[in-house]
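Construct the complete structure from the given sequences, taking the supplied hints into account.
Under the working numbering, residue 258 is the last one in the sequence shown; the count climbs by one each step, no gaps.
No lab work stands behind these hints, which were simulated from the structure alone.
Incorrect hints may appear among the rest.
Said to hold, decoys possible - Listed below are the simulated DMTMM-like cross-link pairs for lysine to aspartate or glutamate, each with C-alpha atoms no more than 25 Å apart in a straight line:
1) Lys41 / Asp67
2) Lys80 / Asp40
3) Lys70 / Asp108
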Amino acid sequence: MNLGIKGKKALITGGSRGLGLASAVSLAKEGVDVAICARDKSDLENAKKTLSKYPVKICTINFDLSDNKKLESLVQETEKQLGSIDILVNNVGGSLGTSSLIENDLEDFQKVMELNTWSAIELTKSILPKMIHSKWGRIINIASIYGREYGGSAPYMAAKAALIAATKHTALDIAKTGVTANCIAPGSIKHTKGSWEKFVLNNSKKDVETFIQNNLPMGKFGFPEAIGDTVSFLASKNASMILGTCLNVDGGQSSNLF
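Take a look at the structure:
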């Protein structure tokens with residue numbers, strides 16, 4: 001299937017491993033020039049090696065998205081190396097070791113919101129005007145099923161729910177511009193250095209098997225490539241009528257009816 005995005009330019013945050021790298025690989029396979037950013041230089045180098053097999057431009061940027069005041073410099077560096085950004089994948093996120101509203105203070109909530117929500121909003125605000133001017137663009141935000149139902153920590157749930165809501169509102173605001181905005185809500189996706197890999201390593205085999213039996217209808221954890229391919233589809237010309245939605249990619253894990 002020709003997704004019609006060859007030659008487009010994409011920026012993927014948290015793109016050095018896991019869901020971000022899978023998204024970068026999937027887009028690169030479609031002929032998209034890719035910029036990825038991450039904090040870990042070693043992970044970035046490994047990701048660059050993985051992406052270098054594809055005949056597209058690859059840009060790696062060492063960047064910490066928790067510092068929202070410097071996000072404009074990330075956009076400028078991406079545009080300097082690739083040109084105007086057509087596809088923005090806001091993937092960076094995490095619970096930062098938080099737990100509950102009772103046990104965490106407002107500063108903890110703020111840190112999680114900055115990482116998961118404010119960075120995505122600020123990058124979108126920076127890039128969106130040029131997308132609107134060119135009458136084409138794709139904003140794809142990686143949320144979580146825990147932004148739609150109970151699970152994870154209270155700050156993480158709140159941050160992902162806010163991201164889903166902001167995406168919906170933005171999508172309707174720009175509905176006539178040729179730019180789309182959507183979310184993907186992954187379930188329990190296992191990958192190197194990810195939270196679910198840590199869960200497997202830090203718990204007994206019996207406890208892991210019990211979790212899988214009780215929560216994962218497919219009998220296994222999800223895999224990053226499923227998220228990456230969903231990103232490519234939402235970025236494609238074939239998804240032009242998908243606007244303001246949040247797609248669960250969770251192997252049936254979510255308990256939501258709708």
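field: Unmet hints by their number, sorted upward, for this structure
entry: No hint contradicted; all consistent.
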